[in-house]
Amino acid sequence: MTDWPQIRRVGLSGILVTFAEAMTEPANRAALALRAAIEDADWPEVTETSTSLVSTFLQVNLAVTPAEEMTERLSDLLTSRDWYKADLPPGRTLWHIPTVYGTDLAPQLEEAAEVAGVDPDEAIRQISGARVRVLTIGFAPGQPYLGELSETWNIPRQQALSKSVPAGALIIAIRQLVLFTNASPTGWRHIGQTAFRTFRPESEEAFALSPGDELCFPAIEPAELEKIRSKDQSGDGGASSEVLA
Amino acid sequence: MSATLTVVQAGPALSIQDFGRTGYRAQGLTRGGAADPIALHEGAALLRQPAGAAIEMIGAGGTFTSDTDLRIAMTGAAMTANIDGAAIVWNASHLLPAGAKLTIGGATGGTYGYLHIGGGLATPELMGSRSSHLSAGLGAALKSGDTLAIGPDKGSETGMALPRDNRFDGGTVHVVESMQTVHFSADTRARFTRTTFRRDPRANRQGVRMDSDGEGFFSDGQLSIVSEVIVQGDVQITGDGAPFVLMCESQTTGGYPRIATVLPADLPRIAQAPAGAAIRFAFVSLEKAIAIEKRAAAELTALPGKRYPLVRNPAEMRDLLSYQLIGGAVSANANPFEEGT
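Protein sequence lines, in the order shown, are assigned to chains F and P.
Residue numbers for the first sequence, in our numbering: 1 to 245.
Residue numbers for the second sequence, in our numbering: 246 to 586.
In isolation and in its complexed conformation, chain F is listed as follows (with noise of 0.2 Å):
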């Protein structure tokens, strides 16, 4: 027996399963295969699910539903299949969002591929062609941490934070990218921008992303991202997306 999955309470509101320590791809597929099948066994109970890097919430309330009853149910749900090795849910989106890379639009690329020890050109290389993954959303709504990329990239935050990034800004670091929803301070380098926006409170869609779809940031020239901008009311930014059988 290993100490993983960790089923823990949260407080009164809900029960927290946990796959890992610490960020893990395996760990990650497994929270977002057990969100899927507690959404699909539709348990009255639960009132709201979500997943974090590598654990999966369910919000129930802990004052009308006995903890231990949501816990064995979850056991057993556990020992059921092995989580790690589960499928990714289908009904996932793949994105592909033009980005400019460097210039002074996103004026820290140099400096994070100095850090990763790549030239700038092989950073862009890189980066342009990495399939990643919405391993959750998080900080600000729809905001999405996508990982992960090769070890080239675990490079740490800045010491310092920049002031601020503008919303649609691609950064980096500890081998994930985030893409930004609103302008912010950070601490990860701004090496990409879009004209993405991941939140839209006034359409029907509020959030163009969900934990578990897949993007990709094609690298397109300055111009380019002027011109999307000034035709785009979408706010997909010039993107392209397709679901995922």
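By construction, these hints were calculated from the structure, which means they are not laboratory data.
It cannot be assumed that every hint is accurate.
Calculated lysine to any residue pairs in the SDA-like style (CA-CA distance at most 25 Å, straight line) [as the list claims (entries may be wrong)]: (1) F:K85 with P:S472; (2) F:K85 with F:P26; (3) F:K163 with P:G500; (4) P:K388 with P:G500; (5) P:K533 with F:R9; (6) F:K163 with P:S380; (7) P:K551 with P:L379; (8) F:K163 with P:A332; (9) P:K551 with P:D398; (10) P:K539 with P:P295; (11) P:K539 with F:P66; (12) P:K388 with F:E202; (13) P:K539 with F:R8; (14) P:K539 with F:M70; (15) F:K163 with P:A394; (16) P:K388 with P:T348; (17) P:K346 with P:S380; (18) P:K388 with P:A367; (19) P:K388 with P:T325; (20) P:K533 with F:E202; (21) P:K346 with P:A394; (22) P:K539 with F:E68; (23) P:K346 with P:S401; (24) P:K551 with P:A323; (25) P:K539 with F:A67; (26) P:K539 with F:T71; (27) F:K85 with F:I7; (28) P:K533 with F:K231; (29) F:K163 with P:L379; (30) P:K533 with P:A523; (31) P:K533 with F:T47; (32) F:K231 with F:P201; (33) P:K551 with P:G297; (34) P:K539 with F:A63; (35) P:K539 with F:T47.
Sample of chain F residues facing chain P (criterion: CB under 7 Å; computed from the structure) [stated by the list, open to error]: (36) V10; (37) P201; (38) S203.
Virtual Cβ for every residue (Gly too), placed ideally from N, Cα, C.
Fit chain P to the supplied structure of chain F, relying on the hints for placement.
Chain P in isolation, oriented as in the chain F frame:
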């Protein structure tokens, strides 16, 4: 034409709040809604209508008027209030006559005051709620000149009051262990419950920092935990060792360890505590916590039965002769709460 309420002059922090939005945590949006949901239930009980959106006023109110007669009720943090200069009682329902000016000043006890309107606010919903969630960029604060739609009012009664409870003064809040409580040593946990904290003045709808004089409350392996789900009431320990109670507009996930979680029933006490108010935390067992929650739910249900009519001093009623003084009399045996329910 349907009724409206005009914000003649907005105080510094007014927004519309109901019970917030659920179902969006996975996509990074917390529930938001009223910082003190008990106050929404009290407003509903005073006006005998379903609990819903009200104007939340942080620290101070503003000036309001309407072209039509409106029923109003004020709950939550007590604030000085008058209608055309005549003082009115807090935690009570009143008639705001057409054209009259309702002026709500600074808080005299507590932090979050609420203005409720008979018929309820009928402003547009965004993602299933009328609440502004300003930290997420949803909705906007109310500003001078705003005109708010009001729903049709089915009631007519005013002049009812509710007793005030003591949730506005700080005091002891109950907490249960949370998922990271075990990362704090028994000594640290004991010191946490022995310490009298003061509510930091910088508190907001995202979180309330607790100040104390002693050393910080550090866990073993403080900085190495993976970012994890946040629920309302979580008491996270930030880098400097100070507890920070996470409120309705917090982020959905966070990487700081949580030493405890405040019971939902006691969270309004944290929200309402004025800057500098003394607060202590007391761990309770899961069984005791459930009992406290059940009692709190029962108290909300019992609110309508606690209403009592405001007694007015005829000497202070300038327009006494305009009142029809007999028609409102009821039988001593009648149950005044049966009507309309």
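Would the hint linking K388 of chain P and G500 of chain P be met if the CA-CA limit is 25 Å? violated, 35 Å
Between K533 of chain P and A523 of chain P, is the straight-line Cα distance small enough, at 25 Å or below? holds, 23 Å
When you check the alpha-carbon spacing of K85 of chain F and P26 of chain F, does it fall within 25 Å? Status holds; Cα separation ~7 Å.
Taking only the CA atoms, is the gap from K533 of chain P to R9 of chain F under or equal to 25 Å? Holds - the C-alpha atoms of R9 of chain F and K533 of chain P are around 16 Å apart, at most 25 Å.
So if I understand the rule, the pair passes when the alpha-carbon distance is 25 Å or less; does K551 of chain P with G297 of chain P pass? holds, 20 Å
K539 of chain P and E68 of chain F: Cα distance at most 25 Å? holds, 18 Å
Taking only the CA atoms, is the gap from K539 of chain P to M70 of chain F under or equal to 25 Å? Answer holds: K539 of chain P to M70 of chain F is near 19 Å, not above 25 Å.
Between the alpha carbons of K551 of chain P and D398 of chain P, is the straight-line distance 25 Å or under? Holds - the C-alpha atoms of D398 of chain P and K551 of chain P are around 22 Å apart, at most 25 Å.
Would the hint linking K346 of chain P and S401 of chain P be met if the CA-CA limit is 25 Å? holds, 20 Å
Between the alpha carbons of K346 of chain P and S380 of chain P, is the straight-line distance 25 Å or under? violated, 31 Å
Restraint check for K163 of chain F with L379 of chain P, where alpha carbons must lie at most 25 Å apart: Holds, because 20 Å separates the two Cα atoms, which is no more than 25 Å.
Satisfaction of hint between P201 of chain F and K231 of chain F, Cα-Cα up to 25 Å: holds, 20 Å
Checked against the numbered hints above, the structure violates hints 4, 7, 8, 15, 17, 20, 28 and 38; every other hint is satisfied.
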